[in-house]
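There are 2 protein chains.
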Amino acid sequence: MPDLLSLLTPSSVAVIGASPDPHSLRGRIMEVMGCHDVDIPIYPISRSHDEVFGLKAYRSVAETPTPVELAILIIPAANIPAALEDCAAAGVKAALILASGFAEDHSEGGEDLQQRVLDIQARTGMLISGPNSEGFANMATRLCATFSPAVEGENMELMPAWSTAGRIAVVAQSGGMGFAFYDRARAKQMRFSHVVTTGNEACLESLDVVEHLITADEADVFLLFMEDVKTPEKLARVAEQALRAGKPMIVTKIGRSEAGIRAAASHTASLAGSYAAYKAIFERYGVIEGLDTEEMVDIAGAFSYYAGRLPAGNRAAIFTGSGGAGGWMADACAAVGIEVPMLDPETRATIDEHLPSYGTSQNPVDGTAGVIRTLGYARISNMLTASESIDAVIAITSARNPATLAREPDALIELGRETRKPVLMWSYTLPHPDVATMLSKAGLPLFTNMRNCTRALAAMTEYRAKRDAFLARPVAAAPEPLPASVIEELDGGSATIAEFDAMRLLAATGIEAVTGTLARTPDEAATAAENAGGPVALKIQSPDISHKSAAGGVALSISGGDAARQAFIDIQARVAKNAPDAVILGTLVQPMARPGLEMILGISNTSGFGPLLMVGFGGTAVETSGDVVFAPAPLSRDDARALLTRLRGAAMLNPASLDMDALLDAMEKLSNLAASASERIAEVDLNPVLVHRPGEGISIVDALIVQHTPD
Amino acid sequence: MPDLLSLLTPSSVAVIGASPDPHSLRGRIMEVMGCHDVDIPIYPISRSHDEVFGLKAYRSVAETPTPVELAILIIPAANIPAALEDCAAAGVKAALILASGFAEDHSEGGEDLQQRVLDIQARTGMLISGPNSEGFANMATRLCATFSPAVEGENMELMPAWSTAGRIAVVAQSGGMGFAFYDRARAKQMRFSHVVTTGNEACLESLDVVEHLITADEADVFLLFMEDVKTPEKLARVAEQALRAGKPMIVTKIGRSEAGIRAAASHTASLAGSYAAYKAIFERYGVIEGLDTEEMVDIAGAFSYYAGRLPAGNRAAIFTGSGGAGGWMADACAAVGIEVPMLDPETRATIDEHLPSYGTSQNPVDGTAGVIRTLGYARISNMLTASESIDAVIAITSARNPATLAREPDALIELGRETRKPVLMWSYTLPHPDVATMLSKAGLPLFTNMRNCTRALAAMTEYRAKRDAFLARPVAAAPEPLPASVIEELDGGSATIAEFDAMRLLAATGIEAVTGTLARTPDEAATAAENAGGPVALKIQSPDISHKSAAGGVALSISGGDAARQAFIDIQARVAKNAPDAVILGTLVQPMARPGLEMILGISNTSGFGPLLMVGFGGTAVETSGDVVFAPAPLSRDDARALLTRLRGAAMLNPASLDMDALLDAMEKLSNLAASASERIAEVDLNPVLVHRPGEGISIVDALIVQHTPD
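Protein sequences appear in the order of chains A and B. Our numbering applies: residue 1 is where the first sequence begins, and numbers increase by one. Our numbering applies: residue 1001 is where the second sequence begins, and numbers increase by one.
For the record, the hints were derived by calculation from the structure and aren't laboratory data. Every residue gets a Cβ at the ideal spot worked out from N, C-alpha and C, and that includes glycine. Hints should not be assumed to be uniformly reliable.
As the list claims (entries may be wrong) - Subject to a maximum C-alpha distance of 25 angstroms in a straight line, what follows is the list of computed SDA-like cross-link-like pairs (lysine to any residue):
| no. | chain 1 | residue 1 | chain 2 | residue 2 |
| --- | --- | --- | --- | --- |
| 1 | A | Lys230 | B | Gln1362 |
| 2 | A | Lys669 | A | Arg504 |
| 3 | A | Lys234 | A | Met660 |
| 4 | A | Lys279 | B | Lys1441 |
| 5 | A | Lys279 | B | Ala1334 |
| 6 | A | Lys230 | B | Glu1524 |
| 7 | A | Lys548 | B | Arg1693 |
| 8 | A | Lys548 | A | Gly534 |
| 9 | A | Lys548 | B | Asp1659 |
| 10 | A | Lys669 | A | Gly534 |
| 11 | A | Lys466 | A | Asp217 |
| 12 | A | Lys441 | A | Arg309 |
| 13 | B | Lys1441 | A | Lys234 |
| 14 | A | Lys234 | A | Arg309 |
| 15 | B | Lys1279 | A | Glu339 |
| 16 | A | Lys279 | B | Val1336 |
| 17 | B | Lys1230 | A | Thr360 |
| 18 | B | Lys1279 | A | Ala335 |
| 19 | A | Lys466 | A | Ala682 |
| 20 | B | Lys1279 | A | Ala334 |
| 21 | B | Lys1577 | B | Glu1524 |
| 22 | B | Lys1279 | A | Ala650 |
| 23 | A | Lys441 | A | Glu480 |
| 24 | A | Lys230 | A | His212 |
| 25 | A | Lys279 | A | Thr517 |
| 26 | A | Lys548 | B | Ser1657 |
| 27 | A | Lys548 | B | Pro1655 |
Unchecked claim - Here are the simulated distance ranges between beta carbons:
| no. | chain 1 | residue 1 | chain 2 | residue 2 | range |
| --- | --- | --- | --- | --- | --- |
| 28 | A | Glu488 | B | Arg1637 | 54 to 60 angstroms |
| 29 | B | Asp1581 | A | Ser559 | 48 to 54 angstroms |
| 30 | A | Glu240 | B | Ala1403 | 44 to 50 angstroms |
| 31 | A | Arg420 | B | Asp1228 | 34 to 40 angstroms |
As the list claims (entries may be wrong) - Computed, partial: chain B to chain A, Cβ under 7 angstroms:
| no. | residue |
| --- | --- |
| 32 | Ile1254 |
| 33 | Ser1257 |
| 34 | Glu1289 |
| 35 | Asp1292 |
| 36 | Tyr1358 |
| 37 | Leu1647 |
| 38 | Arg1648 |
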């Protein structure tokens, strides 16, 4: 990847296609750029104008008085390739293509044009962003290479001059959404470093931008709007970099509702629809998922103020002058896993000194409006942060009237600077703009939405816990090598390895499977049933029959040799009729599984994100519940345990009534198989897996392994 | 309940304690009232001033030139009883007590004072609101009997003059929260009729206010902030009235996180902690629960515009100029159960006529910014509402710049008036105030929060479905009478009816229970075990032992007479040691239950809200999962089925693998028992209830019935 400094922090800029018409996008970009006082030359490139918005225009990038480092192209798509060639010839380092009419255009020619851009990039090594981009804004250099109205305004301050908060960078494919984050945050005077929109991502991808800003230490918190990831392996890499650097990524991934996810089927590959793969990586690397613009901005704001002082636990103190508001906030905390414990006696005594008889120092602390006015928000916050029983403070205010907080600007600044525990402020009325400024100066995040406040606190808490655990874990060991017999079987096996062979293969890796006996004749079936010493199931084995029951290929609860012989014959007859062309390997005679909770285990390794382990509620339930979760393989025992907690029905997995150790063991081993044989295995589907009572293990009742086929 | 008109729409008002000091609450109320031009006389009552804020003051309510209908009391609590007596003597019809220092005050005397207020109310029949209230605002008469800054402002318009939308009324115990709803909604120029805060609710309760406003047809949509309900039976009654009248109640109930709910125990009564009872009634009567101020206001706004035109189904069309925003909105729709189906070919053809090659008419419709500018929001909305494949339209805009929508104010007004399907607008940038005004005039709800938009649409859809079903159902028949033997057993039984007797009682009502045999000697146990014809469980029966296992009173999977005899002896010995004083009724010998999904069924009838049926995931899981739900008894089969869908683990209840009919049957019969014997039964706890495979029924393994004890 070429150095992104040429794009985001160039020493000179040319705008190819610049126009003096303020109603066209070609004029709008000049107007928007011109609002901000930049320290570098900007050269309009125009065939028809000598001057554009007061700047001398040039005929080509080759004619500018100093060399052009960044060229912005806003000309018809058809003219882009030639213009890029000119840029390359003139030594331009980076090109930003705002023009549309490429791959996003369903008419002929768009795809071709985009391919030509790609070819030029490959040949010249020039950094190319776009096409179909809305450009970027670099708040530190004040370069707004965009026509977005969100950064338009004469002498507009792009970032608050006073702020020392962590710098928030927006990276988005969508221009509208990218700048919308910034638009939302302005009212709260948050500190943004960049808004970078990437459009079609023909060459430069969102994650490249994030990687650059982490490496160059030019941003501290990321707001990402992802439509897709062109190069899947970048996701885990960049997410891990961000986690190590302590620079949180707050992400929304579009496509959670695609049919493959919504109408979840029991087939692993379809359950692993790409969102599930994203989700697996997000969970592993502490990427925070946001659900709307304002929520994401609010979470980013909290991190920007408190990145180095994240809460050590999930216990919050709430203080309020309105009892109703305090109760509501306590409920909202509980809903996201934040505890609101009773305060310790020492802290209560400190507060009680000041409270009238109708206040209360339990938690929420109902300080009453009068006491809050007398003591001030900062002093009460300090009383609470001093308590050993809490990890963060939520202060409730009505900021419609700026007067209350205006009594203590210096105390608030000191609070924001000195506190070791996050203090968050929620206003239940719409805040006066002066309050937003005051709190931005103090470095205290202001929430107008109650749930965003609790969500931000929960996100900070979870991020810290996840990051601490991630940094503390040993460097991931290579997965354990597989027994040679397993490798051989995989290499010798067909693309689809059916039940009986799959069971043997799993057993060879140490996973408990109900292997059974493959019977090829009625007598073999009879013998196998007699040896089983209890009722058995008979199941036809054929690579051509994926739904054995529907083909008449299954008989359950057969007791004794005679019954098994007859069942074998019946199955043969039914299958011969229902699937006359199927290749039959035999009929599997398995002991009937003891009852247990029906779960599903699997491997999905087709998303490009690397092998993922799947676990969920299985049997017939999987089709309706879709309650399955994924994690990157391999998994440690702790990873496996954490993964199970992500199931909606997690509370069903009670170690008092189920052999959870056996399930965790199978998850670990299966994930090791996924990682060790990721070149070979595309998919594994174990369904149902019956989890028995404690000490009684699990039974894998059916299994399917699908291998990658050479391209 | 006295007529609330005297409180909310009086012909004259006295303010007892009025002061000219604008820094005191006594002056603030005069200032706030004085901002608004009211048509009725306002009499300050003061001992120390002859004039207050330009109004002539009087010494007492007896001296005013015309009789006082409403007296507002803002004097020290200790003086309230005497002042109320004066009011009663002067023929005052209603009193609003803003003073605090009553039951909410933990110091001595507060409770007593509140009781004295109650006594005066009972004796005089005067309507009394408060104490500790923040008063009310009646937007139609412009009477703002409050010191809330939310309605302060010279010549402030309390409701938009142009609006014909449904009138929104806020009713809240908390003054801060009550007026906060109004404060939030003002920016969107919604039409509010009242904000009524009720404080301690010594006499007048929130639900009385709602009932009055429904009956008098003075409001159409309700925003309720509930801390508790003083008279529980009012809740179902008023909620039903509201549902019949088609006046939705949007409610938040504080106390969802109380310890009794959070740390769910398996005991029915504690699981039925009051929030569960509220929730049961909310679900039955279509009460919509909101999670924060802005969300509730946004939902109310949508209903106020579309009450008579609620969506007939859950299919939405989305149109957008930003592809990213459209995809995000589609995901947000899916998350709340709103479908975004492909549009029908006819509608697509109509739209395609106008689209450029980079737009798309599937759904979301990416109209592109240019086409939206050319056609306008109203025309595109009309194209979409004409489609048979959708029930509502979400239009996405960037309302930061008012120019786009300002091209078509008349078309928007026509759209708002004529559309038969809801059209909702979401702006992904913060809207210009002119846009809010324009859309309020058009009667089109404007959302700045994406999830509030989808939640409002989902709430409208669900409300219509629930109301239609409610109105269509036959008038509830009286519950079926119980067999005389059951009544006799209940009447003759102890307060706590233990397992064996409870099982027989349930069996008598037609509920399948594993009754077993009560053995009093080792030989009786042996005989019972032999007769069972399979393994049995032995369980001690004693009203004094609630945890049989812990007392050593249980033996499982005992086969044959000899083993049962020994198990009986062992149990006796252990229990004699662990619970030497317990009265022992015998030992129950039960066939071991076949395996099945462990659920819990119960009755809870101690909340004051009437008998509730409980169902959930049981066994040991109930303690950790708390996945239980409640509904008012009796339940029809449809009610029972609907109740199960409210479980988080609902997808586990697959009729292909479980005998759901047997479970539903038991729910119906148990709910009938709850309703028929509600005078007797306080609580029933059946746990676990094993649900077997289809056709194999259920097994109630343990049962407990608790009867009401006379006060």
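Structure-based check of each hint:
1. A/Lys230 / B/Gln1362: holds (24 angstroms)
2. A/Lys669 / A/Arg504: Holds, because 14 angstroms separates the two Cα atoms, which is no more than 25 angstroms.
3. A/Lys234 / A/Met660: violated (34 angstroms)
4. A/Lys279 / B/Lys1441: violated (43 angstroms)
5. A/Lys279 / B/Ala1334: Between A/Lys279 and B/Ala1334 the Cα gap is close to 17 angstroms, so the pair holds against 25 angstroms.
6. A/Lys230 / B/Glu1524: Roughly 75 angstroms between the alpha carbons, so the hint for A/Lys230 and B/Glu1524 is violated.
7. A/Lys548 / B/Arg1693: With Cα atoms ~21 angstroms apart, A/Lys548 and B/Arg1693 stay inside 25 angstroms; holds.
8. A/Lys548 / A/Gly534: The given pair, whose Cα atoms are some 22 angstroms apart, holds under the 25 angstroms limit.
9. A/Lys548 / B/Asp1659: Roughly 24 angstroms between the alpha carbons, so the hint for A/Lys548 and B/Asp1659 holds.
10. A/Lys669 / A/Gly534: violated (29 angstroms)
11. A/Lys466 / A/Asp217: holds (22 angstroms)
12. A/Lys441 / A/Arg309: holds (18 angstroms)
13. B/Lys1441 / A/Lys234: violated (49 angstroms)
14. A/Lys234 / A/Arg309: Answer violated: A/Lys234 to A/Arg309 is near 29 angstroms, above 25 angstroms.
15. B/Lys1279 / A/Glu339: With Cα atoms ~22 angstroms apart, B/Lys1279 and A/Glu339 stay inside 25 angstroms; holds.
16. A/Lys279 / B/Val1336: Status holds; Cα separation ~19 angstroms.
17. B/Lys1230 / A/Thr360: holds (22 angstroms)
18. B/Lys1279 / A/Ala335: Cα-Cα ~15 angstroms, so holds.
19. A/Lys466 / A/Ala682: Violated, at roughly 29 angstroms.
20. B/Lys1279 / A/Ala334: Holds. B/Lys1279 to A/Ala334 sits at ~17 angstroms (cutoff 25 angstroms).
21. B/Lys1577 / B/Glu1524: holds (22 angstroms)
22. B/Lys1279 / A/Ala650: holds (23 angstroms)
23. A/Lys441 / A/Glu480: Distance of about 53 angstroms is beyond 25 angstroms: violated.
24. A/Lys230 / A/His212: holds (17 angstroms)
25. A/Lys279 / A/Thr517: Not satisfied, since the Cα-Cα distance of roughly 39 angstroms exceeds 25 angstroms.
26. A/Lys548 / B/Ser1657: Given pair A/Lys548, B/Ser1657 holds - Cα atoms ~18 angstroms apart, limit 25 angstroms.
27. A/Lys548 / B/Pro1655: holds (21 angstroms)
28. A/Glu488 / B/Arg1637: 54 to 60 angstroms: holds (58 angstroms)
29. B/Asp1581 / A/Ser559: 48 to 54 angstroms: holds (50 angstroms)
30. A/Glu240 / B/Ala1403: 44 to 50 angstroms: About 45 angstroms separates the Cβ atoms of A/Glu240 and B/Ala1403, which means 44 to 50 angstroms holds.
31. A/Arg420 / B/Asp1228: 34 to 40 angstroms: holds (38 angstroms)
32. Ile1254: holds (4 angstroms)
33. Ser1257: holds (3 angstroms)
34. Glu1289: violated (11 angstroms)
35. Asp1292: Where the cut-off is 7 angstroms and the nearest Cβ of chain A is about 4 angstroms from B/Asp1292, the hint holds.
36. Tyr1358: holds (4 angstroms)
37. Leu1647: Nearest chain A Cβ about 10 angstroms off; hint violated.
38. Arg1648: OK, holds: B/Arg1648 within 7 angstroms of chain A, min 6 angstroms.
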